[in-house]
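Work the whole structure out from these sequences, hints included.
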Amino acid sequence: EVQLVESGGGLVQPGQSLRLSCTASGFMFGDHDLSWVRQAPGKGPEWVSFIRRKAYGGTTEYAASVRGRFTMSRDDSKSIAYLQMNSLKTEDTAVYYCAKRWGGFGPLFDYWGQGALVSVSS
Amino acid sequence: DIVMTQSPLSLSVTPGQPASISCKSSQSLLHRDGKTYLYWYLQKPGHSPQLLIYEASSRFSGVPDRFSGSGSGTDFTLKISRVEAEDAGVYYCVQGIQLPWTFGPGTKVDI
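Protein chains in written order, with the numbering used here: chain A, 3 to 124; chain B, 198 to 308.
Mixed in with the good hints there might be a few duds.
[To be verified] Here are the computed lysine to aspartate or glutamate pairs in the DMTMM-like style, where the Cα-Cα straight-line distance is at most 20 Å:
#	chain 1	residue 1	chain 2	residue 2
1	B	Lys305	B	Glu281
2	B	Lys241	A	Glu48
3	B	Lys305	A	Asp33
4	A	Lys45	B	Glu281
5	B	Lys232	A	Glu48
6	B	Lys241	A	Asp112
7	A	Lys45	B	Asp307
8	B	Lys221	A	Glu48
For the record, the hints were derived by calculation from the structure and aren't laboratory data.
Structure, rendered in structure tokens:
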């Protein structure tokens, strides 16, 4: 059974940092691209970041709103993806989902985690 | 960025009746490879989004055949032939032709 479990969320003050983890099981982690998608309270989803599998360079892409502050990485030996979030802003408050890309092109996510809540407030 | 719009933003449907949701993109989602990169997700209350339709009209594995997607270019439609109680939630279209991938505002469906 495929599972994605996010952890590391919490309450922080503006300007602080947080690192989210996405621990995967039930599939060949290294063979898949992964993304982080967030959802602010009462809002729709917003794509945050994407990391390609190593066979495609392991490169990353980011939404403009987080570029330069957030860094996505992966450890295929542990089947974990990370999202390092620095210089957090109040507008980063959201549930952060890790999502596995089924394949192909675009946001074709077949599995999502249950989400990790990040609250940024003074 | 490509802007996605949806209509209606809310919909109340009687079980067994059909439902239709429209999604429009500010740019064509037709790629030079001939595929159209438009996806539909359903987010049930308290759950993560789940994929229904990919590439505008392909039903994802396990999705009931009462769900269908159609459209091309910039205009798309999700149809539910006969709504069931379990179809309640918020439906989102999202484009995948260029980064950043952008979602529509969502259509809340009450049964």
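Consistency of the hints with the structure:
1. As the CA atoms of B:Lys305 and B:Glu281 are separated by approximately 14 Å, the hinted pair is consistent with the 20 Å bound.
2. A threshold of 20 Å between alpha carbons decides the hint, and for B:Lys241 with A:Glu48 the separation of about 17 Å falls inside it, so the pair holds.
3. A distance of roughly 35 Å separates the Cα atoms of B:Lys305 and A:Asp33; the hinted pair therefore is violated under the 20 Å criterion.
4. A C-alpha spacing of about 25 Å is found between A:Lys45 and B:Glu281, which places the hinted pair above 20 Å, so the restraint is violated.
5. A distance of roughly 23 Å separates the Cα atoms of B:Lys232 and A:Glu48; the hinted pair therefore is violated under the 20 Å criterion.
6. Proximity of B:Lys241 to A:Asp112 is assessed by CA-CA distance (about 15 Å); at most 20 Å being required, the pair is judged to hold.
7. Annotation: proposed proximity of A:Lys45 to B:Asp307 holds, straight-line Cα distance about 17 Å (limit 20 Å).
8. Using a Cα cut-off of 20 Å, the hinted pair B:Lys221 and A:Glu48 holds, with the two alpha carbons roughly 17 Å apart.
Checked against the numbered hints above, the structure breaks hints 3, 4, 5 and satisfies the rest.
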